[in-house]
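Asker: Make the full structure from the sequences, and use the hints.
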Amino acid sequence: MLSSSHDGSSPLTIAFTPFRVVCANTLSMALKGATGDKRLTVRRTASAGAPIEDAGAFLARVDDLIEQNAEVFRLLARRSFRTIEQDHYLRTLFPDPAETAKRNRRGASLKLSPGFFLSGRHRRTTAVSYPITVVTR
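Just so we're aligned: 95 in our numbering is position 89 of the sequence shown, and the numbers increase by one with no gaps anywhere.
Mixed in with the good hints there might be a few duds.
[Unchecked claim] Here are the simulated distance ranges between beta carbons:
hint	residue 1	residue 2	range
1	28	106	17 to 23 Å
2	43	110	39 to 45 Å
3	83	106	43 to 49 Å
4	59	88	25 to 31 Å
5	43	82	34 to 40 Å
6	72	11	22 to 28 Å
Hint data in this document are derived by calculation from the structure and do not stem from the laboratory. Treat the numbers as computed from the prediction; the structure is a model and nothing was measured. Backbone N, C-alpha and C define an ideal beta-carbon position, used for all residues, glycine too.
Answerer: In structure tokens form, the structure reads like this:
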């Protein structure tokens, strides 16, 4: 995998990874998984020439890693699924939207209900909590 922001905001990264990068999420997973000798990072500086020359040696190591994993890759390529295994895999990967929505509604109500504490005979509410999700980018 080769990753570059093209505007200089992030380093040039070459990594050996089993992930097929198709979006920011899979790029993040690939970069987190590629550490040590499975990753070469070159910061965009005036002296970036020397690390770029190291890329040849890095790619030779990646070639060795591919050879080491070749038998596993071949085994996976030869593996066939029975119909029932394939159905289970596809249902897990692509769940029924109606069932997912039902589970999400049930899960949301379960997340809220522990926040309500009832006490005494009058079953009054003594505390309320709400789950908060923050997404930033």
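Asker: Could one say that the CB atoms of residue 83 and residue 106 fall in the range 43 to 49 Å?
Answerer: violated, 31 Å
Asker: Looking only at beta-carbon atoms, does the pair residue 43, residue 110 fall within the given range of 39 to 45 Å?
Answerer: holds, 42 Å
Asker: Tell me if the beta carbons of residue 28 and residue 106 are separated by a distance inside 17 to 23 Å.
Answerer: Holds - the Cβ-Cβ distance for residue 28 and residue 106, about 21 Å, lies within 17 to 23 Å.
Asker: Does the beta carbon distance between residue 43 and residue 82 stay inside 34 to 40 Å, or does it fall outside?
Answerer: violated, 23 Å
Asker: Look at the Cβ atoms of residue 59 and residue 88 and judge whether their distance stays inside 25 to 31 Å.
Answerer: Distance hint for residue 59, residue 88 is violated at roughly 50 Å.
Asker: At the C-beta level, are residue 72 and residue 11 separated by a distance inside 22 to 28 Å?
Answerer: holds, 26 Å
Comparing the model with each numbered hint stated earlier shows that hints 3, 4, 5 do not hold.
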